[in-house]
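Novice: Using the sequences and the hints given, assemble the complete structure.
Residue numbers (this note's numbering), protein chains in the order written: chain A, 95 to 324; chain B, 9 to 163; chain C, 115 to 517.
Honestly, the hints are just simulated from the structure, not real lab data.
Nothing here was measured: the structure is a model prediction, and the numbers come from that model.
Each residue gets a CB set at the ideal place from its N, CA and C atoms; glycine is no exception.
Wrong hints could be hidden among the right ones.
[Claimed, not checked] Here are the in silico distance ranges between beta carbons for each label pair:
1) C:I494 with B:Y151: 30 to 38 Å
2) B:F150 with C:A142: 21 to 29 Å
3) C:N475 with B:I143: 17 to 25 Å
4) B:I143 with C:I394: 28 to 36 Å
5) A:H235 with C:S476: 26 to 34 Å
6) B:R156 with A:D192: 48 to 56 Å
7) C:A483 with A:G224: 48 to 56 Å
[To be verified] When the alpha-carbon atoms are kept at most 25 Å apart in a straight line, the in silico DSS-like pairs for lysine-lysine are as follows:
8) A:K299 with A:K309
9) A:K151 with A:K311
10) C:K217 with B:K63
11) B:K63 with B:K157
12) C:K503 with A:K151
13) A:K215 with A:K230
14) C:K427 with A:K170
15) B:K10 with C:K133
16) C:K426 with C:K412
17) C:K413 with A:K151
18) C:K217 with B:K158
19) A:K179 with C:K427
20) C:K133 with A:K234
21) C:K211 with C:K133
22) A:K179 with C:K210
23) C:K210 with C:K356
24) C:K133 with C:K312
25) A:K234 with C:K412
26) C:K262 with C:K308
27) A:K207 with C:K426
28) C:K465 with A:K207
29) B:K10 with B:K63
30) C:K465 with B:K63
31) A:K230 with C:K413
32) C:K285 with A:K170
33) C:K285 with C:K312
34) C:K413 with A:K179
35) C:K133 with C:K412
36) A:K151 with C:K426
37) C:K412 with C:K503
38) C:K294 with C:K262
39) B:K89 with A:K234
40) A:K230 with B:K157
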Amino acid sequence: MVLTIKNLTKEYMRGNTAFYAVDNVNLSIDRSEFVSIIGRSGSGKSTLLNMIAGLIKPTSGSISVDGQDILALNDKCISLYRNSKIGYVPQGNTALGDLTVLDNVRLPFYLHKHMGDPTSKALSLLEQLGISHLAKMFPKHLSGGELRRVFIARALINDPVMLIADEPTSDLDAETTIEIMELFSQIAKKGTSILLVTHELDTIKYGDSVYVMEKGKLTRGDSVLLTSDF
Amino acid sequence: MKNRILTSIILIILGSLIALGPIVIFPVCGIHAEETEHEMAKEIQEGAMQQAKMKCFWTARAELGIGILIAILGVLHFILKSEQLRIGLSIGAILNGVLALLIPNTLIGVCRKAGMMCRIGTLPALTIFSSLVIIVCTVNVFYLYRLRKKDLMNA
Amino acid sequence: MILKPLTTFRLSMNNLRQKPFRTACLFAVVAILTSVFFGGSILTASLENGLYSLQSRLGADIMVVPEGNDTNVEDILIKAEPSNFYFSANIADEIKKIEGVDKVTAQFFMTPLSSACCSIVIPIIAFDPETDFLIQPWITKVYNDPIKDGEMITGSSVLPLEDNTLMFFNKSYPIIANLKRTGTGLDGSVYVTKDTMKQLIIDAKEVGADISTDENVEESVSAIFIKIDPAYDSRLIAREIKQKVPNVDTIVSQHIVSNISNSLKVLESYIHLITAVVWILGALVILIVFSVTLNERKKEFAIFRILGATRKKLVAIVLTESFLVSIVGEIIGIILASLVVFPFSDLISSKLQLPYLQPQNSSILAIIALSLILSILVGILASIYGALKISKAETYLTMREGE
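Specialist: Pasting the structure below:
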């Protein structure tokens, strides 16, 4: 198992009432498995993702990635985890505008000690994603779809065991959405697990498994989909 | 655009300083005082003055001309758009700067008496101003040359 | 394709390069701080060095001059303004008799008066090589021959003609020695023997120069310099001289030194005050600029954190930026201040009317190092608060804010 989540809960206080953004979630992801979590905005899916990324500490429960309990890690170790164990494709535009596309992709390599040649690796990733011709350009000149590919390449530079993506296609048109989702499929086939969070129904057919997140609770997808509306 | 304005402003300012410095800011001997013939003759006899009009006076005159020239080159630098022409103007300014540097230091010189304004004020000021002209224009030439090469490559 | 690695240094450099206006402003502020501190320090050091030099050059403990001329001595010493005053040479003999007096030597001043603008006159001072203890110790630092008639010794700022001579009243005099620079009016004087002085006076009359001087070089002197036995108090002996010898004024050189020292302290306190005000304002500006811009970069830092940068790394990037700003601003500031303080050193000295002697190169380097440390410290302090705050903020919330 690449990812094991047990009884994960995140509680916030709204005034005097407790509010569960993530409510007792259990989830396992295998190697090469492509998992989609679908839910409306406010369902807690982004909170779940951010806890898996180690950006937020849960109120209770456990998260284990590649056999490692990430809740016990200090800042240095969890930064390293976020840097190399997983690759995070955040929502929106998270490019560093002052760096070229190539430098954006190479950047995670330099944040911790790694072996190898990041430049050739970055170029190879860009080529696999079909955007190597944009290497020397600055992010502001790229389209939404091109940027998304840059972020995927950036997330893969340190060979993570799992890629997590927060609404990777929500700001893209239909055609580009299909291209990006096919890319994720290919990445999963090559051995990297994928955990994708989305609110677009069309995208769930690309995954191996589908889960639904509603009001902080996670349930296995298939049957619910036929009855609910999004 | 930015380079044009910046360089021409610098040249105009430095040129004016070179021209007016020896007259207004660090006045050299003889520029302002009205010396009577009698007093001057007396001084010559005393051996206190080496010649009728002192060297610094002529230096100031020469620098007035060169300074104005440099300022004019600065104005031209602003007006003319072509990079090649601006490189030429800058080279001209460099040569003028060299002349402005050599005149108070070797070609004409200033008074030999220590403590005189021309030695303690005008000379260092002219040396600094003319050196700045040379440095700024040299940098400008290299900058414009590289800019031109880039333009030619992109064309 | 080999590209340079994205080290902290390169990331910081890139950050600075991408916001040229902000970076230029920061450079300018640090440059101003540095040039004020450096310029002020060089000024202060030169003034103190000048005073020290004057003190060691004074040589005599007490000076005796004709009554009413005590202020003129300071003028000659500091400003090299001409003065001609004389009294009888016999006074020296009377002074020698006083208990506690160790050495006595006399000097004869002649400063040709001229009214036209350009003649900064050169005071000509005749001394007695046999009794002298004031000038010759400073000569032997340059040459070793004793001075002969018809020769001249010049202070450090008297410039000779090409053939190493000076011309006075149509006659040429060879220069046999130069004295060490003191930063006082003594630098502009010329020293001769009594016989040379007699010849100069004759020549002056021949060319009709106005010298207003007593012609009797043998029997008149301008000032008598006394070195007393260390066991005695110079003030007491000065008083005794005034009692025993009529129509004279005495100057205790300690007084000259302390007078100047007081003027110096006043000037220095102004310099220190201005420097302090500028630094406080400058530090505030840097603090504000850094805080504001760090706030703008919250999203950028959040991205870094998401990509796995540690808090330490973020702080390192910010501190490196601040360090670079300090170094470059420092260099600019020192160059600018040096363009003013060093080439115009003589001009400053003549405007201040105080002894002024540039300090040794080692002192100058020490001042440079000190101002560098200060500007780095200020930069770090200004940026560290913002940097730590940024790195602590919950990345998730920061990212959300940016949405």
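Novice: Of the numbered hints stated earlier in the document, which are not met by this structure?
Specialist: 5, 6, 10, 11, 18, 21, 22, 24, 28, 29, 32 and 39
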